[in-house]
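Construct the entire structure; sequences and hints are all you get.
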Amino acid sequence: MKFAVVFTIVSLLVALIAAAPIPREEHHLEARASNKKYSGKGTWFLPASEGGSQGACGPSEGNSSPIVALNAPQYGSTSKKSKWCGKKIKIKGPHGTATATINDACPECKHGDLDMTPVIFKKVIGDMNIGVAKITWSLA
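If you're matching positions, the sequence shown starts at 1 in the numbering used here and goes up one per residue.
It should be emphasised that the hints constitute simulated quantities derived from the structure, not laboratory data.
Hints may contain errors.
[Said to hold, decoys possible] Below are the SDA-like pairs computed for lysine to any residue, each with C-alpha atoms no more than 25 Å apart in a straight line:
id, residue 1, residue 2
1, K81, P94
2, K88, S77
3, K90, P66
4, K81, S39
5, K90, A133
6, K123, F45
7, K110, D127
8, K81, A48
9, K81, S64
10, K37, P118
11, K41, K90
12, K88, S60
13, K41, K134
14, K134, E50
15, K41, P66
16, K92, P107
17, K90, Y38
18, K92, G131
19, K87, K110
20, K81, K110
21, K36, N129
22, K122, A48
23, K110, W84
24, K88, M128
25, K36, S60
26, K41, L139
27, K87, P59
28, K134, P107
29, K36, T97
30, K41, P73
31, K134, K80
32, K83, P59
33, K123, I89
34, K87, Y38
35, K122, Q54
Below, the structure is given as structure tokens:
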């Protein structure tokens with residue numbers, strides 16, 4: 001009888017230990033930013049004449065490319081390729097929504113801001129003469 005009680009207790013302890021959750025190192029997971037939303041100002045630029053035909057991320061870019069330049073605080077060091085490079089993002093603004101690829105850095109932009117090519121700016125903000133408007137964005 002004593003053996004059965006000890007065996008049962010040991011079996012329960014082993015089962016509890018084996019079923020215990022394993023802690024994760026969350027800092028390595030950008031959990032797709034948990035669909036984290038960023039907010040800031042949206043502006044527009046012409047890559048071909050304002051910075052050159054190659055963005056900070058490397059790939060060629062043109063004035064009609066569906067790309068954005070990410071603000072410097074989020075981009076990181078502009079002397080190297082950012083972890084954000086090539087990521088697709090969904091941008092919402094007063095005129096609508098668009099999906100774009102991060103291909104460049106915007107040194108003068110603040111956290112949350114995006115500098116967009118005209119094709120993206122028109123979809124999100126509308127009239128190019130507005131020049132700047134509030135936006136939100138997240139990973140697509």
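Here's how the hints hold up against the structure:
no., hint, in the structure
1, K81 - P94, "violated, 31 Å"
2, K88 - S77, "holds, 20 Å"
3, K90 - P66, "holds, 11 Å"
4, K81 - S39, "holds, 23 Å"
5, K90 - A133, "holds, 16 Å"
6, K123 - F45, "holds, 14 Å"
7, K110 - D127, "holds, 22 Å"
8, K81 - A48, "holds, 19 Å"
9, K81 - S64, "holds, 22 Å"
10, K37 - P118, "holds, 22 Å"
11, K41 - K90, "holds, 14 Å"
12, K88 - S60, "holds, 16 Å"
13, K41 - K134, "holds, 5 Å"
14, K134 - E50, "holds, 22 Å"
15, K41 - P66, "holds, 18 Å"
16, K92 - P107, "holds, 22 Å"
17, K90 - Y38, "holds, 10 Å"
18, K92 - G131, "holds, 16 Å"
19, K87 - K110, "holds, 19 Å"
20, K81 - K110, "holds, 19 Å"
21, K36 - N129, "violated, 30 Å"
22, K122 - A48, "holds, 18 Å"
23, K110 - W84, "holds, 16 Å"
24, K88 - M128, "holds, 23 Å"
25, K36 - S60, "violated, 28 Å"
26, K41 - L139, "holds, 17 Å"
27, K87 - P59, "holds, 13 Å"
28, K134 - P107, "holds, 18 Å"
29, K36 - T97, "holds, 16 Å"
30, K41 - P73, "holds, 14 Å"
31, K134 - K80, "violated, 28 Å"
32, K83 - P59, "holds, 14 Å"
33, K123 - I89, "holds, 14 Å"
34, K87 - Y38, "holds, 14 Å"
35, K122 - Q54, "holds, 22 Å"
Going down the numbered hints, you'll see the structure goes against 1, 21, 25, 31, while the others check out.
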